[in-house]
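J.: Spelled out from the first residue to the last, the chains are:
There are 2 protein chains.
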Amino acid sequence: MQRNLTVAQAQDTILQAVFRLPPETVESASALGRVLAEDVRSTRILPPADCSAMDGYALRVADCAQASEGAPARLQVAFEVAAGGEAEVALEAGQAARIFTGAPVPPGADAVIMQEHVEAEAGGEAILVARPVEAGDHIRLAGEDLAHGDAVLAEGDLVRPTVAGLLASLGRTVVSVVRRPRVAILSSGDELVEPDAPIDGGRIVSSNSYTLAAMCREVGAEPYYLGIARDRPEDLEAHVRAALVADCIVTSAGVSVGDHDHVKDVFAKLGCEFVFWGVQLKPGHPMLFGRFPNGPAPGSPGPFLFGLPGNPVSAAVTFEQFVRPALRKMSGHSRVFRPTVSARLRTPLSKRPGRLNLVRVSLSVEDGEVWATSTGNQSSGVFRSMSDAQGLLVFPGPQSELEAGAEVTVQIIDDSFFAGGERGFEGV
Amino acid sequence: MQRNLTVAQAQDTILQAVFRLPPETVESASALGRVLAEDVRSTRILPPADCSAMDGYALRVADCAQASEGAPARLQVAFEVAAGGEAEVALEAGQAARIFTGAPVPPGADAVIMQEHVEAEAGGEAILVARPVEAGDHIRLAGEDLAHGDAVLAEGDLVRPTVAGLLASLGRTVVSVVRRPRVAILSSGDELVEPDAPIDGGRIVSSNSYTLAAMCREVGAEPYYLGIARDRPEDLEAHVRAALVADCIVTSAGVSVGDHDHVKDVFAKLGCEFVFWGVQLKPGHPMLFGRFPNGPAPGSPGPFLFGLPGNPVSAAVTFEQFVRPALRKMSGHSRVFRPTVSARLRTPLSKRPGRLNLVRVSLSVEDGEVWATSTGNQSSGVFRSMSDAQGLLVFPGPQSELEAGAEVTVQIIDDSFFAGGERGFEGV
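Chain order of the listed sequences is A and B.
Following the working numbering, the numbering of the first sequence begins with 1 at its first residue and continues without gaps.
Following the working numbering, the numbering of the second sequence begins with 1 at its first residue and continues without gaps.
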C-alpha cells in the first residue's frame, strides 16, 4: 500500500484503476445525460421525399419567368397537398398546387412560393404571382437532413435533449448506453443516528451519507444507502458484504488509526486490496483507496473502495476530488474533472507550507473578473463553510501566503455559478 | 396582440408575465436541484457538546506545563470515552482519558492530544507526554458549527448535495421547496407519427415532443406528453383541454398562418389570450406566447402557452431562448439565462441584415481561447446542426458579415462544455 500521495498522484492512480462500465439498453426517453455505447447510423431518409418548407403554393418556375408587378402570372390552383398527404398527381403547365409545410412536392413542381408572396383570387381557384421564382425555392430535398446509412451519433456522445429528439426521429426507441455506477454508501459508528432520531448525549446525525448520496445523484450515479453499521466487526461485515455487488463502495467510516476503527480489518478480511492511504490534502488527509479483485460473481472484479474521512467537510471535499472523477469515467464521460477558473482573492490567506489546501470560497463576478472570498471558519468541523461554497480555492502545498488580490485557481463545485443572471447579448 | 418583437422584448415580456410557483413540501433527499421556499434555522447545537476532533487523549493542560523530551509527564489513563458515548466522570489531576474523534470531552479536561504525539506504556494504563499542550487543542466547542437559532439556509437557496447533508444534520427530513413547473407537451399534425410507427408516404416522427420533453427534464420541470392531436378542431380541443391543468403548454403545432392551422382558433376558443406573435429571430420567427387568465380551478390562472414553430431546429432554439428562462423563473431560480462566452469565429458567416440569427456552433478551446465553428448547413430543416451544437452564436440583426477570427458571443447550450478534460491545477 502506498502512503501520503499528492492529490495529482492519487487522482492519477484512481483514474488508471477504474474503467468504463459495460453497456445496457434503455428506452431513449430515459437516456438523457447518459453516454452512448454504440454508434448510431441512420436507417431512414429525412425528409423522406422532397417537401415544402413553407405554407404556400408549389409551382413550375418556367410559368413565372416573365412575371412582374405589372404583369403577374396567373396560375390555376389544381389541387392541394396536405402535410402527411400524398403527391401522386403531377402539376401541369400553368398550374399551382396549394401546399403546406412538410407536405411532399408534387411531380412537375420545381419550387414553392410562400403564401404571403401571392395574391389569391376570390374562391382560391387561381393565384397571381408578381415575381420570378428560383428553382428549388422553399423545397427541402429528400435526404437533406439524413441519408440512409449516415453516421449520426458516435459511441461516447452525451445524450442531450436534442440527441433524444434525433433518436426519436430515427425510430430508435431504445439505445445502448454506458451503465450508471451503482454506489453503496456506508457509514459506521456507535455515535451515529439517522436524521429522524432524537439527538442526545454525543449522538450525531449520519449526515455524510445524505451528502454523499446526493453527490452521487448529481453526477448521474445510482447510490444506495446501507444504513449505519455499529462499531462491531460482525455488524460491519454484514454491511460490507451487502455492498460487494456495487461498482463502488463509498464509506465515511473514518479509516484513521484509532483503536475503534475495525473498518479496515473487515474490508481486508473480505478481500479488499488497499492501493493507497493518505493524501497530501487539507481537508481530507485520511483517505483510503482500494479494490476487490474478486467480486461475488465468479471471474469478475468486485467494487472499488473509497474510504473517505469521517469529518463532513473532508468527506465532501474528497468525494469531489477523488470519487466524482472516477464515477464520471465509469459512466463513460471523457471530461471527468470539475471546471476551474482564474479568480482574484478578496482577503489574504495563510497556512503552513506542506499539504495542498482546498479553501471553501464563495464567488462573485465584477467587471468580468471573478473574486473569491473564503466562506469563513475553515475548520473542517464547520460544515457550513462547505455548504455555502461555490468553489474550492487551490492553495498549493509549498506556498504559505496568498495576498489579497492574488491571482488564484478555483475549482467550481456549483454548476449554477455558470448560469447567466443577464441575457449576455443585446437581443436584437 | 403584439407582433414581431425583438428577442430581448420577447424575453422581457415572458419573464414579466411568469411568476415563481407556490411551494410544496418534499422529502429532503428528493429536494436536490430544487429551490428552497423557506428560511431554515437551526433547532440544534452542533456539535451538541465540546468534543474531540481527533483520536487521542483528553487531559489537563496544567499537568503537562513542564513536560519536555527529557522529562515527560506521566498521566494515568483513567477511562475511555467512545464516540457516541457519555462523558460523566470528571478527569482528576494526573489523569488522562482515552478519547475518539467526535466523543464528548469529559469534565475537567481542557485539551486533547493526538495519539501520535504520546507514548503509551505497555498495557495502556498510562501515557507519556513529552511536550506542553495548549488549552483547547483539538477540542471542537459545542455550537462551533451551529448554534440554536442560527440562520442556516435562506429562501431561494439552491438545494445542492451539501445542502441535503446539512438538512439531514439538522433533522430536517422534509423541506419546503418551490414546486416544479408541470409542462404539457402537445404536437399536432396529420403527418406526424410516434417513433415506433412505420414511416411511409409523407409521414414524419413527432420528434419535437421528445426533444422538448427532454429539455423540460434537463431544466428540472415535469413534462407530460399528450400525444399527437390530428388536424381536426374536435381532436385539438380535446388535447388542449387535457393540457389546461398544466403550468405551461408547449406546442410545436406550427402556429403559422396556414389554412390548416386550427390550433390558434382552438386556444382562443378555450380562453387563451395571445400576448405576442412572431419574434425577430432566425431560426424561430413564428412563435406565439399567450396565457389563460382563468384556469380550470375557480379563481386561479391557467397555463402559459408557448406555441413554438413546428420546424425541429426552430422549436429547439425557441425553447432555449423563451421557454427555458421562464421555467427557471417559475422554479424559483434567480439566474435564469444560459451562460454566454466570448469566442472567435473559425469560418466567416454572412446573412441579410434584419433578424438576429442564432448560428449553431461547435466549440473548441485553444490556448485559453474559445473557437466557434458552424455545425454546417444552417437550414432550419437540418436537425443535426442543432444536435451537434454546443452553443448558439449570436449574429446580431443589423450585421451582415462576420469575418473569420471575429470576436463573437456564444450562448452555451451544452453544460458539459464547462467540464474539465484536465485537472486544471498542479495537484501538489
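Keep in mind that the hints were calculated from the coordinates and are not lab data.
Hints may contain errors.
To be verified - Now the stretches of chain B that chain A is said to cover, found in silico as 3 or more residues with beta-carbon under 8 Å:
id	segment
1	36-49
2	83-92
3	232-246
Stated by the list, open to error - The calculated lysine to aspartate or glutamate pairs, modelled on DMTMM-like cross-linking and capped at a C-alpha distance of 25 Å, are:
id	chain 1	residue 1	chain 2	residue 2
4	A	K269	A	E218
5	B	K282	A	D137
6	A	K282	B	E426
7	A	K282	A	E234
Stated by the list, open to error - Output of the computed footprint for chain A on chain B, the stretches with three or more beta carbons under 8 Å from beta carbons of chain A:
id	segment
8	100-107
9	144-152
10	159-170
11	215-226
12	290-302
13	382-388
14	409-418
C-beta: ideal position from N, C-alpha, C; glycine also.
J.: The structure should be examined with respect to each hint, and the outcome stated for every one.
T.: Here is how each hint holds up against the structure:
Using a Cβ-Cβ cut-off of 8 Å, 5 residues of the segment 36-49 of chain B lie near chain A, which meets the minimum of three, so the contact claim holds. Beta-carbon proximity to chain A at under 8 Å applies to 5 residues in the segment 83-92 of chain B; the threshold of 3 is reached and the given coverage holds. Given as covered by chain A, the segment 232-246 of chain B fails the check, having 0 residues with a CB less than 8 Å from a CB of that chain where 3 are the minimum. The suggested pairing of K269(A) with E218(A) is violated, with an alpha-carbon distance near 32 Å, which exceeds 25 Å.
Between K282(B) and D137(A), the direct Cα distance comes to roughly 17 Å. Compliance with the 25 Å bound is thereby established for this hinted pair. Taking the CA atoms of K282(A) and E426(B), the gap is near 15 Å; set against the 25 Å cutoff, the hint holds. Under the criterion of a C-alpha separation no larger than 25 Å, the hint pairing K282(A) with E234(A) is inconsistent with the structure, at around 33 Å. With 5 residues bearing a CB less than 8 Å from a CB of chain A, the segment 100-107 of chain B meets the requirement of three and the coverage assertion stands.
Requiring three or more residues with a Cβ within less than 8 Å of a Cβ of chain A, the coverage given for the segment 144-152 of chain B holds, as 4 such residues are present. Figure legend: the segment 159-170 of chain B, annotated as covered by chain A; annotation consistent (11 residues with Cβ-Cβ distances under 8 Å, at least 3 required). Residues of the segment 215-226 of chain B with a Cβ under 8 Å from some Cβ of chain A number 3, which satisfies the need for three, so the listed coverage holds. Coverage of a stretch by a chain is defined here by at least three residues with a beta carbon nearer than 8 Å to that chain's beta carbons; for the segment 290-302 of chain B and chain A the count is 0, and the condition is violated.
Chain A is given as covering the segment 382-388 of chain B, and this holds because 5 residues of the stretch bring a CB closer than 8 Å to a CB of that chain, at least three being needed. For the segment 409-418 of chain B, the assignment as covered by chain A holds, since 7 residues bring a beta-carbon within under 8 Å of that chain's beta-carbons and 3 suffice.
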